[in-house]
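For the record, the sequence lines run as chains X and Y.
Take 1 as the starting number for the first sequence in this note's numbering and just add one per residue.
Take 1 as the starting number for the second sequence in this note's numbering and just add one per residue.
Careful: at least some of the hints might be erroneous.
[Stated by the list, open to error] Quick look at which bits of chain X chain Y covers, simulated, 3 or more residues with Cβ under 8 Å:
1. 43–51
2. 60–69
3. 100–107
4. 121–132
5. 135–142
[Claimed, not checked] Pulled from the structure, derived: some chain X residues nowhere near chain Y, Cβ distances all over 12 Å:
6. ASP36
7. SER79
8. GLY96
9. GLU155
10. PHE157
11. PRO161
Rather than coming from a laboratory, the hints here were simulated on the basis of the structure.
For every residue, glycine included, the Cβ atom is placed at its ideal position computed from N, Cα and C.
One-letter residues, chain by chain:
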Amino acid sequence: MKNLKNIFTVLLITLVAFNCSDDDDATMVVTPTGTDFSGTYTQQDQMGRPAVNTVFVSSGSKDTFNTTIPTDQNAGFQSMFEANLTALSPAFANPGDANALGQDAAAFTGLLATDVLNVSLDGTTTFYDGTNVLTGRNLADDVITVELLLIFGGEDFSENPTLSNDNVSENDKPFLASFPYLASPW
Amino acid sequence: MKNFKFILGVGVFAAASFFFLSADHIDAPAVQGGTSDITDFYAFQGEDTNNLVFVANVQGLLSPTASASASFDENVMIEFNIDNTGDNVEDLVIQAIPRDGKMYFFGPVAPGTTGLSSRVMTDATQTVVDITAYGESAMTETSNGITAFAGPRDDPFFFDFNQYSAIIAGDATAFNDPGTDTFAGTNVMSIVVEVPKSMIGGTGTINTWVESKSK
Numbered sequence: 001m002k003n004l005k006n007i008f009t010v011l012l013i014t015l016v017a018f019n020c021s022d023d024d025d026a027t028m029v030v031t032p033t034g035t036d037f038s039g040t041y042t043q044q045d046q047m048g049r050p051a052v053n054t055v056f057v058s059s060g061s062k063d064t065f066n067t068t069i070p071t072d073q074n075a076g077f078q079s080m081f082e083a084n085l086t087a088l089s090p091a092f093a094n095p096g097d098a099n100a101l102g103q104d105a106a107a108f109t110g111l112l113a114t115d116v117l118n119v120s121l122d123g124t125t126t127f128y129d130g131t132n133v134l135t136g137r138n139l140a141d142d143v144i145t146v147e148l149l150l151i152f153g154g155e156d157f158s159e160n161p162t163l164s165n166d167n168v169s170e171n172d173k174p175f176l177a178s179f180p181y182l183a184s185p186w
Numbered sequence: 001m002k003n004f005k006f007i008l009g010v011g012v013f014a015a016a017s018f019f020f021l022s023a024d025h026i027d028a029p030a031v032q033g034g035t036s037d038i039t040d041f042y043a044f045q046g047e048d049t050n051n052l053v054f055v056a057n058v059q060g061l062l063s064p065t066a067s068a069s070a071s072f073d074e075n076v077m078i079e080f081n082i083d084n085t086g087d088n089v090e091d092l093v094i095q096a097i098p099r100d101g102k103m104y105f106f107g108p109v110a111p112g113t114t115g116l117s118s119r120v121m122t123d124a125t126q127t128v129v130d131i132t133a134y135g136e137s138a139m140t141e142t143s144n145g146i147t148a149f150a151g152p153r154d155d156p157f158f159f160d161f162n163q164y165s166a167i168i169a170g171d172a173t174a175f176n177d178p179g180t181d182t183f184a185g186t187n188v189m190s191i192v193v194e195v196p197k198s199m200i201g202g203t204g205t206i207n208t209w210v211e212s213k214s215k
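Same shape as in the complex, but just chain Y (with noise of 0.2 Å):
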């Protein structure tokens, strides 16, 4: 009986098409292998606990050859959003847009409109850091509080995705122990933004996603 689940559950599996791919990296036509293209976004506390980090990175699987030519659009803004009121309308959001080799943090700052469509707040505090070239050491910088990063970095993300693949595909039907990360050896282009969490309210519990935003 264990055995026919099993085998119905792979076989809907199949059927159903379900594109498991990863995090979010290529998840959808629209920016599949584009410079919008999200894959992973995080937020957690900081070396310094007063601190939340946030973490967006876009354009996945760059091998080491892709990412020494890899770069930022200066079309397309990442927004960091931030609910803090419980009912998962943007009351916060943190920019970051490349110009000429760096990349420019505008906020924490309530939008001018929430939803689909952003301007550049450029008004808010801003936090300016040049851009990480492939092969040199992260640079920095902190002002306000606030510390960013933009470059190229290890993905982060791990996943034994061929397995799954193979396992989707009717080639094999369990996951291999151990298992191999498919996301090895592999990079992305990375934003950080560390901001004092009196910044974004200081207690309680954020809703926070990212979006990518293009002109």
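Chain X extracted, bound-state conformation (with noise of 0.2 Å):
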């Protein structure tokens, strides 16, 4: 865990130190279709992590956090969040507790309530492998039983074993080595 957890302050300090990367590559101007695209998308529904909204916002507030902008999210929800997490999860009862990052349920529910996707463009790309953290989402990753060790687990994934792991570890059809990735539908 101590790995984990030190493997976890690096990718906050890339978070906090990385600088803008240019992205002046040249983007090919195509002439416009006659197809019209024409008017005003307004948002509906949006995720970063998986199943964020679905775990920590109110049932009233559902709609309100899909139509949050990223930047507003922390201000307007993270309490909600940290209220629900410790009415939860027995691995939050009490003061002090934290889960396998060192999170107590402030920290825990800080990172969660910005609802983006960190992912790295310098290398693997996973929810948690047992290695890295955080680095992206890929199809394979068992982003439930990451969810469930990191509200349950407490400190050292021990804790509430029954409720930290649903025992569904995989797809029901493998996925694709080349594009599209994703299996074939049923």
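Using the supplied hints, reconstruct the complex from the two chains, each of which is provided in its own coordinate frame.
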């Protein structure tokens, strides 16, 4: 778990420290087709990390969360997330309780309330693979079990073992090694 | 004591009425069951490690029969948002919107305006792919280094949602081992786009999220 914490710290530092990247690659201008794309499109749903709205947002606020831009989510929802987390999980019932990333309820929900997916452009992309933490989301990542462990598993993933793993660890069809990666439909 | 904590936990659990339905499937009343309901979002390094892949799935829990008649809504745009400056504001978007059997992708491009309202960035790099029909092999298109797909696929999400529901309802006190994937045998409408990392920042960490926007 110490490794996990160290990696997470490095990740945080990376998040804070990295600078603007240039995105000045030539953009090819294509002559617009005759197809009509006019009009204004208004937000209905949004998603960054898996299951955040479904787990942490109270039932009356879910549509509001979906139409709150990420930079306003922390101010609008972190305290709700923290209240819901501490009510939900015995692993966060007592002061000082933390998850395996060393985050107490405030820190954990502070991370989650801004619902964006952090993705590395420099290598392994995974929600959590035992080594890398929050560097993307692969199709095969068992994100529910990771989240259940962080919610119910306590400081060392050992608490509430019957609630912290749904024991479904892979998809019902194998993924493809090549584009479009998702399996053909049933 | 452990038992007491456990029972207390489940009680609070039920009382709080958490609707932990799935990754994002049917997450909120306004979008539930509609064509703008995002079920899942993925972002990962491609088979060519110089590329990053974005996946947005909509319209979850489609049976094979329902998948044969499912379609993308021409009034719904799916927008991948990319922040590569660390402020959680989108610097680039990739927009996907269907017209007459094809999915049009625009970008990566700086959006006209950030936030909740968008117009389609028709002057941006355009990638157009035929929407794959149910039962057909996946049709893909590559241009300007960008590869695109749109059509029905197996829902890649897996979770024993039924047992979770039973726990919440107080009808069970634990997950089963092994569990049962509630999403087995169901499909989604999927949009997949693979872009060179050099088009979205090149190196470092991006923050990314997906939105559905309707006209």
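For each hint, the structure was consulted:
Coverage of the stretch 43–51 of chain X by chain Y holds [criterion: at least 3 residues with CB-CB distance below 8 Å; count 8]. With 6 residues carrying a beta carbon less than 8 Å from a beta carbon of chain Y, the stretch 60–69 of chain X meets the three-residue requirement, and the given coverage holds. Figure legend: the stretch 100–107 of chain X, annotated as covered by chain Y; annotation inconsistent (0 residues with Cβ-Cβ distances under 8 Å, at least 3 required). Using a Cβ-Cβ cut-off of 8 Å, 6 residues of the stretch 121–132 of chain X lie near chain Y, which meets the minimum of three, so the contact claim holds.
Coverage of the stretch 135–142 of chain X by chain Y holds. Counting CB-CB distances below 8 Å, 6 residues qualify, and the rule asks for three or more. Look at ASP36 (chain X): its CB is around 8 Å from the nearest CB on chain Y, not clear of 12 Å, so calling it non-interface is violated. The claim that SER79 (chain X) is not at the interface with chain Y holds, since no C-beta of that chain comes within 12 Å of its own (minimum 15 Å). Here GLY96 (chain X) stays apart from chain Y, with its beta-carbon at least about 16 Å from theirs, past the 12 Å limit.
No Cβ of chain Y approaches the Cβ of GLU155 (chain X) within 12 Å, the least distance being about 15 Å, so the stated non-interface status holds. Every CB of chain Y is more than 12 Å from the CB of PHE157 (chain X) (nearest about 15 Å), matching its label as outside the interface. Under the 12 Å C-beta cut-off, the non-interface status given to PRO161 (chain X) relative to chain Y is violated; the minimum distance is some 9 Å.
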